[in-house]
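Residue 45 in this note's numbering is what sits at position 45 of the sequence shown, and the numbering runs on without skipping anything.
Treat the hints loosely; a few may be bogus.
Below 25 angstroms or equal to it, Euclidean Cα-Cα: the simulated DSS-like pairs (lysine-lysine) are [to be verified]: (1) K28 <-> K67; (2) K134 <-> K5; (3) K117 <-> K97; (4) K69 <-> K202; (5) K165 <-> K117; (6) K196 <-> K207; (7) K69 <-> K132; (8) K117 <-> K73; (9) K73 <-> K132; (10) K132 <-> K5; (11) K97 <-> K5; (12) K5 <-> K52; (13) K117 <-> K69; (14) K207 <-> K67; (15) K67 <-> K5; (16) K52 <-> K28; (17) K117 <-> K132; (18) K97 <-> K67; (19) K28 <-> K97; (20) K124 <-> K134; (21) K5 <-> K28; (22) K69 <-> K5; (23) K165 <-> K97; (24) K132 <-> K202; (25) K165 <-> K124.
It is worth saying that the hints were derived from the structure and are not from the lab.
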Amino acid sequence: MERFKNKIALVTGSSQGIGEACALRLAKEGADIILNGRTFDERGEELINEIKAMGRRAEFLEADVSKTKEVIKLVEDAINVFGSLDILVNNAGLETKADFWDVTEEDYDLVMDTNLKGVFFGIKTFVNYCRKEKRQGAVINMSSVHEEIVFPHFAAYCASKGGLKMLTRNLASELAPLGIRVNNVAPGAITTPINKDLLENKEQLEKVIGNIPLRRMGTVEDVAGVVAFLASDEAAYVTGSTYYVDGGLTYHYEEQ
Numbered sequence: 001m002e003r004f005k006n007k008i009a010l011v012t013g014s015s016q017g018i019g020e021a022c023a024l025r026l027a028k029e030g031a032d033i034i035l036n037g038r039t040f041d042e043r044g045e046e047l048i049n050e051i052k053a054m055g056r057r058a059e060f061l062e063a064d065v066s067k068t069k070e071v072i073k074l075v076e077d078a079i080n081v082f083g084s085l086d087i088l089v090n091n092a093g094l095e096t097k098a099d100f101w102d103v104t105e106e107d108y109d110l111v112m113d114t115n116l117k118g119v120f121f122g123i124k125t126f127v128n129y130c131r132k133e134k135r136q137g138a139v140i141n142m143s144s145v146h147e148e149i150v151f152p153h154f155a156a157y158c159a160s161k162g163g164l165k166m167l168t169r170n171l172a173s174e175l176a177p178l179g180i181r182v183n184n185v186a187p188g189a190i191t192t193p194i195n196k197d198l199l200e201n202k203e204q205l206e207k208v209i210g211n212i213p214l215r216r217m218g219t220v221e222d223v224a225g226v227v228a229f230l231a232s233d234e235a236a237y238v239t240g241s242t243y244y245v246d247g248g249l250t251y252h253y254e255e256q
């Protein structure tokens, strides 16, 4: 199935984990892909080759999305690479752990600039392109179950994802007349590099899985499948929504 034939997608933070899976899934279904990371490394080159082996076009653009000028240039360059852009997946993100009273301004700014400010100005750049070219588009933001549920010792992260939740809903309303859809995907406990410490702590891992109704960690492919749906025409009437990919964690009674 080639739902994305003749479509071009930019996936930020796509050199590993969920972003990598999203890029590969979109390519598998027909899209040409703009990959992104802070640095172009060996894995980035491997991904380009994997995507090209599918018969798709692929390029890698370096950018730190926590820096406004870089994220704006990233989207502009992505448009120029293949001459257009149809799908923007704002996947890049990070978290820092600290007791609230120990959070530094530098840590707070890094989390907010990456998870919210960069997304804001990336979308703005994409929207202005769509307006100029009179094109429709799909934006998928990678949020988290922590846009909805608490996560002690990760206050800045939760604030960034809560802000992303409201940004998505507001933009969905404002951009709907332009034919631009904006949705969130909110992963729960997923087997990714960001959860390395959890995956190596057997006792903590068992506790987390015990709170998940489906009784397993999610995979990056679980998340990528939902991203692909939201990017596709099958979701043409879906905007302003958050899709939880969490095995039932968010609304599991024991978690509240």
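We went through each hint and held it up to the structure:
1. Restraint check for K28 and K67: not satisfied, since their Cα atoms lie roughly 31 angstroms apart, outside the 25 angstroms limit.
2. Only pairs whose Cα atoms come within 25 angstroms are accepted, and K134 paired with K5 is accepted, the gap being roughly 20 angstroms.
3. Of the pairs offered as hints, the one joining K117 and K97 holds, with about 20 angstroms between alpha carbons and a cut-off of 25 angstroms not exceeded.
4. Restraint check for K69 and K202: not satisfied, since their Cα atoms lie roughly 42 angstroms apart, outside the 25 angstroms limit.
5. In summary, the hint linking K165 to K117 is supported, as the alpha carbons are separated by about 13 angstroms, within the 25 angstroms threshold.
6. Restraint check for K196 and K207: the C-alpha separation of about 15 angstroms stays at or below 25 angstroms, so the hint holds.
7. Between K69 and K132 the CA atoms are separated by roughly 20 angstroms; this keeps the pair inside 25 angstroms, and the hint holds.
8. As the CA atoms of K117 and K73 are separated by approximately 14 angstroms, the hinted pair is consistent with the 25 angstroms bound.
9. The straight-line distance between the Cα atoms of K73 and K132 is roughly 17 angstroms, inside the 25 angstroms bound, and the hint therefore holds.
10. Distance restraint check for K132 and K5: the Cα-Cα separation of roughly 23 angstroms lies within the 25 angstroms cut-off, and the hinted pair is therefore satisfied.
11. Of the pairs offered as hints, the one joining K97 and K5 is violated, with about 41 angstroms between alpha carbons and a cut-off of 25 angstroms exceeded.
12. With a C-alpha separation of about 14 angstroms, the suggested pair K5 and K52 falls inside the 25 angstroms cut-off, and the hint holds.
13. A C-alpha spacing of about 11 angstroms is found between K117 and K69, which places the hinted pair at or below 25 angstroms, so the restraint holds.
14. Taking the CA atoms of K207 and K67, the gap is about 37 angstroms. The hint is violated against a cut of 25 angstroms.
15. A hinted pair counts as satisfied when its Cα atoms are at most 25 angstroms apart, and K67 with K5 does not qualify at roughly 32 angstroms.
16. Of the pairs offered as hints, the one joining K52 and K28 holds, with about 10 angstroms between alpha carbons and a cut-off of 25 angstroms not exceeded.
17. Annotation: proposed proximity of K117 to K132 holds, straight-line Cα distance about 23 angstroms (limit 25 angstroms).
18. Straight-line distance between C-alpha atoms of K97 and K67 comes to about 21 angstroms, which keeps the hinted pair within the 25 angstroms bound.
19. Our distance criterion of 25 angstroms between C-alpha atoms is broken by K28 and K97, whose separation comes to about 35 angstroms.
20. Proposed proximity of K124 and K134 is supported: the alpha carbons are some 15 angstroms apart, at most 25 angstroms.
21. The hinted pair formed by K5 and K28 meets the criterion: a straight-line CA distance of about 10 angstroms does not exceed 25 angstroms.
22. The suggested pairing of K69 with K5 is violated, with an alpha-carbon distance near 31 angstroms, which exceeds 25 angstroms.
23. Simply put, K165 and K97 have alpha-carbon atoms about 21 angstroms apart, close enough for the 25 angstroms limit, and the pair holds.
24. With a CA separation close to 52 angstroms, the supplied pair K132 and K202 exceeds the 25 angstroms bound.
25. The straight-line distance between the Cα atoms of K165 and K124 is roughly 16 angstroms, inside the 25 angstroms bound, and the hint therefore holds.
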